[in-house]
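Q: Each chain, letter by letter, is given below.
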Amino acid sequence: MIGTTAKVLISVFIVAVVYYQWAWDLPEDSVLRRSLRPVRRHLVRLGFGHTWQLFAPRPPAGRGEMQFEIVGRDGRQYVVPFPLPSYGPGWGHPGTRVMKVRQRLVLGNVPRLRRSLSRWLVDEHLPQGPARGRDWSGPARVRCVMTRQLPPPLDDLTATPPPPGRREVFTLELPPP
Amino acid sequence: MASLTAAPGAGLTPGDLIDAWDIFFFSPQSGAVSALVRIALGLVLTADAVLTWREAPFTLSPRGLYSDAAYRSARTGRRLSLFRVLPPTESAARTVVGLYLGASIAFMIGLATPVSAVVAVVALASIHFRNPLVLNSADVLLFHLLVYALFLPSAQVWAVDAWILDRDPQTLVTPWALRLIQIQIAVVYLRTAFWKLRGRPWRDGSAVYRVLSLTTLRRHALPKALRRPPVYRALTWGTLVYEIGFPLCIWVAPLRWPLLAVAVVFHLSMAWFLRIRLFQWVMLAGLVAYLPPADITRWLL
Chain F
1 MIGTTAKVLI SVFIVAVVYY QWAWDLPEDS VLRRSLRPVR RHLVRLGFGH
51 TWQLFAPRPP AGRGEMQFEI VGRDGRQYVV PFPLPSYGPG WGHPGTRVMK
101 VRQRLVLGNV PRLRRSLSRW LVDEHLPQGP ARGRDWSGPA RVRCVMTRQL
151 PPPLDDLTAT PPPPGRREVF TLELPPP
Chain S
1 MASLTAAPGA GLTPGDLIDA WDIFFFSPQS GAVSALVRIA LGLVLTADAV
51 LTWREAPFTL SPRGLYSDAA YRSARTGRRL SLFRVLPPTE SAARTVVGLY
101 LGASIAFMIG LATPVSAVVA VVALASIHFR NPLVLNSADV LLFHLLVYAL
151 FLPSAQVWAV DAWILDRDPQ TLVTPWALRL IQIQIAVVYL RTAFWKLRGR
201 PWRDGSAVYR VLSLTTLRRH ALPKALRRPP VYRALTWGTL VYEIGFPLCI
251 WVAPLRWPLL AVAVVFHLSM AWFLRIRLFQ WVMLAGLVAY LPPADITRWL
301 L
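Residue numbers (the numbering used here), protein chains in the order written: chain F, 1 to 177; chain S, 1 to 301.
None of the hints are false.
Simulated crosslink set (SDA-like; lysine to any residue; CA at most 25 angstroms straight-line):
#1 F:Lys7 with S:Leu12
#2 S:Lys224 with F:Leu154
#3 F:Lys100 with F:Glu168
#4 F:Lys100 with S:Arg63
#5 F:Lys100 with S:Pro88
#6 F:Lys100 with F:Gln149
#7 F:Lys100 with S:Leu284
#8 S:Lys224 with F:Asp156
#9 S:Lys224 with S:Phe273
#10 F:Lys7 with S:Pro292
#11 F:Lys100 with S:His128
#12 S:Lys224 with F:Leu150
#13 F:Lys100 with S:Val121
#14 F:Lys7 with S:Trp251
#15 F:Lys100 with F:Pro60
#16 F:Lys7 with S:Phe151
#17 F:Lys7 with S:Trp21
Listing some non-contacts, in silico: residues in chain S with all C-beta distances to chain F over 12 angstroms:
#18 Leu86
#19 Gly98
#20 Ile105
#21 Leu165
#22 Val241
#23 Arg256
#24 Ser269
#25 Ala294
#26 Thr297
#27 Leu300
It is worth saying that the hints were derived from the structure and are not from the lab. From a predicted model like this one, the values you see are computed outputs, not experimental measurements. For every residue, glycine included, the Cβ atom is placed at its ideal position computed from N, Cα and C.
Please construct the entire structure, taking both the sequences and the accompanying hints into account.
A: In structure tokens, the structure reads:
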């Protein structure tokens, strides 16, 4: 069905793909992973960057709430929880996407996301909406705060949960419009 | 070299290895399993496209949480993507998602299969590049499986193409692309188990307890009677045993059906308890590649 030359070429391709599959998500210091460095950028450009660290090595836990404190140029302050976009129940619950964004904000250095998200919150999710008053002079600062309530330890499920931890994720000064 | 090829009974020779490679990747088999992979993957792609359509105002719109300006100034904004050539409008986002939906349906039913697969890859990559910040492992795995499916002779049977071109469903096909899908699924399990073993919660048995305490992702709580430390530990360690055992043992023919049954229960349970979008369904679509071709041919063709 397939000629010898084609088999050889396909076999080379198979070896390359299996090598990539195996080596890509190894730890940073792995020799196999480092050997992919020359092609890494190109593969990422094609959409092949990945990691299979599913809930690993340390899965998050508990109830996490992210909220944004938006301070206007007139000094007024608004508190906006991370809004769940509403597109109904079902398998595509928005929590999946929201959680990933929250995770990026907490773990990564993502200045573009911070700026863009802050603008989006101001434009779409301030309590007053687009008609927020004639004296609204625009936002001056957005502060993102994460509160996490961890569950009690596994060995003592009836224990009182530890007090919620609160941390500032970022503060962004916004230029005048 | 001579010593390697001589001495029968002294172990594997290079010739044996080449033969084994040839049989594993190139020995012709029924196209039925490849067709089932196409249908399963097409179903998941279609579901993903529908969900992406609903999410578009939030994730892809120029006025969404990741604005067009943020996208164009980021590195991903310079990647090959339909969004680079389309105007930054809501309808452009809808067009790309619509293209993805149409290509996914065409791929699922086997209509112009190679073309629809390529269009689906381009549209899906464009969507991923437009907002990589919301992507999870399911999105990435779906993209990988779709790329392998480009090489899959999957329209030999149960496809509009097969009906139009009057293809013989009994024609055998080479399974090398199917093997890449199988190996990819095995690597996902082994690699995730590798990373999990590096985390204390997975070693001390508390990981599943932690995951099920995540209010954002939890769909259903564990029944009250089961909310006990030994159960959480058994589920945590059982997950590790499954994720290591499946990819190692699935190649043993008598174990294939029992392991596939365990895999279905494992992934459906996770889909029941957790809202992790389509991850379980993408894995199940990938697991279709392990169906024994002889059984499938006997039962369905």
